[in-house]
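Protein chains in written order, with the numbering used here: chain A, 4 to 526; chain B, 4 to 526.
Any given hint could be a false lead.
Same chains, same names: a pair is fine if it fits in one copy or spans any two.
Pairs of lysine to aspartate or glutamate residues, derived as DMTMM-like cross-links and limited to a Cα-Cα distance of at most 25 Å, are as follows [stated by the list, open to error]:
| hint | residue 1 | residue 2 |
| --- | --- | --- |
| 1 | K246 | E169 |
| 2 | K242 | D23 |
| 3 | K421 | E408 |
| 4 | K144 | E98 |
| 5 | K378 | E306 |
| 6 | K378 | E392 |
| 7 | K385 | E374 |
| 8 | K346 | E299 |
| 9 | K100 | E74 |
| 10 | K485 | E102 |
| 11 | K378 | E400 |
| 12 | K55 | D283 |
| 13 | K78 | E102 |
| 14 | K378 | D395 |
| 15 | K507 | D15 |
| 16 | K100 | D486 |
If you are wondering where the hints come from, they were derived from the structure by calculation, not from laboratory data.
2 protein chains.
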Amino acid sequence: MNHKNYFMNKEDKYSKLLVDSGLFFYGHSKGSFILPSHGYALWKNIQNSLDKKFAKHGIKNVLLPTLIPFELLEKEKQHIAGFSPECFYVEKIGEKKLENSLVLRPTSEVLFYDWYRQILQSYQQLPFLYNQWCSVFRAEKNTNPFFRNTEFLWQEGHTLHSNEKEARELTLSILTDYQDYAENILGLGIIVGRKSEGEKFAGALESYTVECLLPDGQCLQLATSHYFGDNFCRLMNVKFQNKDNQIQYPFSTSWGTSTRAIGAVVKTHADNWGLVLPFDIAPIQIAFIVIGQSEELINYYQEIYSMLSPIYRCQLYNKNSRFNLNILQADKEGCPFKIILGKEEMEKYQITLVRRDHIERKITIDLEINEWERKLIPAYEKYMESLSELLDDKTKEQMVNFQGESIQHFKKNLKQGKLCGIIGKENEKFQKKLSQKSIEFRDNHMFPENNLTELKNKIKNGVKGLFLIPFCNDLNCEKKMKDQVISYSIRYLPILEKKNKKIKKCLFCQSDTEIVAYLGRSY
Amino acid sequence: MNHKNYFMNKEDKYSKLLVDSGLFFYGHSKGSFILPSHGYALWKNIQNSLDKKFAKHGIKNVLLPTLIPFELLEKEKQHIAGFSPECFYVEKIGEKKLENSLVLRPTSEVLFYDWYRQILQSYQQLPFLYNQWCSVFRAEKNTNPFFRNTEFLWQEGHTLHSNEKEARELTLSILTDYQDYAENILGLGIIVGRKSEGEKFAGALESYTVECLLPDGQCLQLATSHYFGDNFCRLMNVKFQNKDNQIQYPFSTSWGTSTRAIGAVVKTHADNWGLVLPFDIAPIQIAFIVIGQSEELINYYQEIYSMLSPIYRCQLYNKNSRFNLNILQADKEGCPFKIILGKEEMEKYQITLVRRDHIERKITIDLEINEWERKLIPAYEKYMESLSELLDDKTKEQMVNFQGESIQHFKKNLKQGKLCGIIGKENEKFQKKLSQKSIEFRDNHMFPENNLTELKNKIKNGVKGLFLIPFCNDLNCEKKMKDQVISYSIRYLPILEKKNKKIKKCLFCQSDTEIVAYLGRSY
């Protein structure tokens, strides 16, 4: 069977798979979407993964309103200029025209800073480390499920610090969190970089980005982290009294990632059978398939299920009367593992485990405890015996069952530990294989190019991917680039300059430069 | 000290306490609010409590868009009629006027049914059991933090069933969930009832309600659950093929509760010192107060903290340099328990526990393990020894530390179990006391009244609470009631008719009736 990525040049099938696998449904208003239960659970798991990372920095979640008074948004002209053609305006409530119109948040900078301005007084309150999970609204002409929607979900963190160093460090710590999330949780081959002058977020001194090259050769911005210096605080008049009793502006950061991540995961990992979801974020991590309906078999299934369901997200797939249709459904929905239980498995006290990345391979796991494990049981029984000797007769009587149950529980724990150990190891291999495939694709689609004519030829001839070009990072040259290489943009520059780099000539102004820019088409 | 409720006739202090304790902040646009981290965490805990209850029925969360095309909303004329003066309309995107205006969801019935219509085909897919947590938008003239806001947070469940019985049962099961949530989690003295003809939700055959009498004598609708028959499905053209291959309309329910619950909890439980939050939903369940700064004491604190923080939401309160200011802060924020650790506690290997409902009372807990516990240790040591004998020499060497650590861990577990046992018991008493106070208040503010003139006199004389009146539950009489008893409404009727009820005369038409209606002022 061909495990070539499903979406290589099969753009149209993407949306169908999203709907069929229950991740996505079209909303009634243009470009909006419904998250059905499967898609919602996936997004919740992504949230939990990131919240854990954010919490390590002391970041807490808050929630601000959806509506922004237009006059407040206007304070940040530079910012609104970028968003205003995409904004949704509320100018009427019931039949009543509003004097001051309201805007549905395209992003919440002004709301955060307006709040911070009112509550911040002293350096002792800093840092402010707040994040919000919410929906944002941007009218998009060409919509594309999860990649470009008029209403989508994201998180936006906005922090304030009393000094530059701390703010810069947080910007980069969060970038590292995003990198780890994209590589190790989503299993994506990514590149981490900083944005060029022309691509930086309005008002930011530095913008960093995590980008992923998708199978169609286009580049997706997965997450960004910005350092603002005190620019935003000056603009929004957010001040505090520092240790020396002087009034100053705090230093700030912002950072975010969105439901685009779901699109990236689907496009990168899906195969001919449907979704392939990374283990940590999969709504169902283990799909149970039971072949047969005997009472004995159902009991056997329940025994296994009760061992695994406290640890993993498990679900029995039994909606179809034929078991292979249930298998197809679990595969389409991207469950990382299937556990198949039939008469044979039951009789041999085994289970059959199948990994989603290799669905022909059946892994047989023996549940019979081994010789060494068998030795542990008498030791435990003796221990229980010694505990019971400590009790008085009356308590002992009450505890008779307890002792028996404890030994049962101990045996179950042995099996459970063993089973989880094997699943854990298989998951490491599974996750590694997902990542490797994506990393290889990325590495095979990066093309160093020092000649503008050659670059244009390659693009004309259909070469897709990232072009590494010498570039001076001047705004004028970035404009020239956009005029000459239509539909392409500078996706990122390396974060750290390597030592002993070769000096080359910028492709657009021929000045000397050490910078290599990554040129690509973006989503 | 007087533990009389803080908000009895002190309405103005309510908002100040909300802001000071970090539950609430005013949004920039009228009637909107910010949930700061403390308020957000409280709401998340409420969500988790309810999600667990909903999950038992197989209900899953989904998320639908914020914007509803006006033409879709218009399909449900009866429904929109109730909401249209309160609706926020989007009629412009950027500079472009929209042909079809959009409405910010005041509630999501039409979006759910529009989705269901597209995905439902066969009885095999039913029931549809979906819920969403989201914000809703209703322009309100007189806003009141958490009780009446233009944008607030809620959950709305919308289910479809193939038969009436199942739908009716779910409506009542959810009502029972809400009752348990309000009584046992929020600690509120509530009344559960059904709505009168005039107060039923538009389109509902039955509306049930959980209401709470707040300290100002006004009644708050905390949660509702509605049974629609097939009314909504007919209107929205949602159909399915039943077992007999015939096309029919499903039976549906909806149910919801909102951030109003936070307002009810605050007003009901707060005292002179600030918030008093129920244990299950408190953002911080145990506040640690450390008196002193010696290294020894910090280590002692860390020992206790490490036992409790895996089980409870714990936080060290140390922002103020004076410990009693930290105590005041923890009390203002409503932490159910404080653990106070000073030199004396450390030297005696004790902790001091203080319950928020009785802040003068200090509960001393001895951490020294008792005689019986001491006997358990040699038994466990012997067990560890017997395990180590099973190992070969090399493994044994690697495990030397493991054995020692296990015994340490065992001792720690003994102390942890003991400590949690005591905290659990104190929490039962704490929660019971919160509930009792609220239940007593409710019971002391219910007044049977069989005479209309008397009723009017009592209200005129400032009697506040619920008036139990004979009422025929006819729409005309409900209208008469509203004309004659200004600002009052029928809050609910009993769900089940008691047997052998006395027949009385309806206060407004003098016809015979067995129904007792609960008349009150509502939020």
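Checked hints:
In this assembly of identical chains, the alpha carbons of K246 and E169 lie at most 25 Å apart only when taken from the same copy (16 Å versus 65 Å across copies). In this assembly of identical chains, K242 and D23 lie within 25 Å of each other by CA distance solely across copies; the values are 20 Å between and 51 Å within a copy. In this assembly of identical chains, K421 and E408 lie within 25 Å of each other by CA distance both inside one copy and across copies; the values are 20 Å within and 22 Å between. Taking identical chains as interchangeable, the C-alpha atoms of K144 and E98 lie at most 25 Å apart only when they sit on different chains, with a minimum of 14 Å there against 29 Å within one chain.
Taking CA atoms no more than 25 Å apart as the test, K378 paired with E306 passes inside one copy only; the shortest distance there is 23 Å, against 35 Å between copies. Both within a single protomer and between protomers do K378 and E392 lie at most 25 Å apart by alpha-carbon distance, with minima of 22 Å and 11 Å respectively. Taking the closest pair of Cα atoms, K385 and E374 come within 25 Å of each other both inside a single copy (18 Å) and across two copies (22 Å). Only within a single protomer do K346 and E299 lie at most 25 Å apart by alpha-carbon distance; the minimum there is 9 Å, versus 62 Å between protomers.
Proximity of K100 to E74 under the C-alpha cut-off of 25 Å is found in both arrangements, the shortest distances being 16 Å within a copy and 20 Å between copies. For the identical chains of this complex, K485 and E102 are neighbours neither inside a copy (41 Å) nor across copies (34 Å), given an alpha-carbon limit of 25 Å. When the C-alpha separation of K378 and E400 is checked against a cutoff of 25 Å, the pair qualifies only between copies, where the shortest distance is 19 Å, while the shortest distance within a copy is 28 Å. With identical chains, the CA atoms of K55 and D283 are at most 25 Å apart both within one copy (13 Å) and between copies (21 Å).
Taking the shortest Cα distances, K78 and E102 sit within 25 Å of each other inside one copy (18 Å), while across copies they are farther apart (30 Å). Only between protomers do K378 and D395 lie at most 25 Å apart by alpha-carbon distance; the minimum there is 13 Å, versus 29 Å within a single protomer. Within a single copy, K507 and D15 get their C-alpha atoms no closer than 41 Å, and across copies no closer than 70 Å, so neither meets the 25 Å cut-off. Taking the shortest alpha-carbon separations for K100 and D486, neither the intra-copy value of 44 Å nor the inter-copy value of 32 Å comes in at or below 25 Å.
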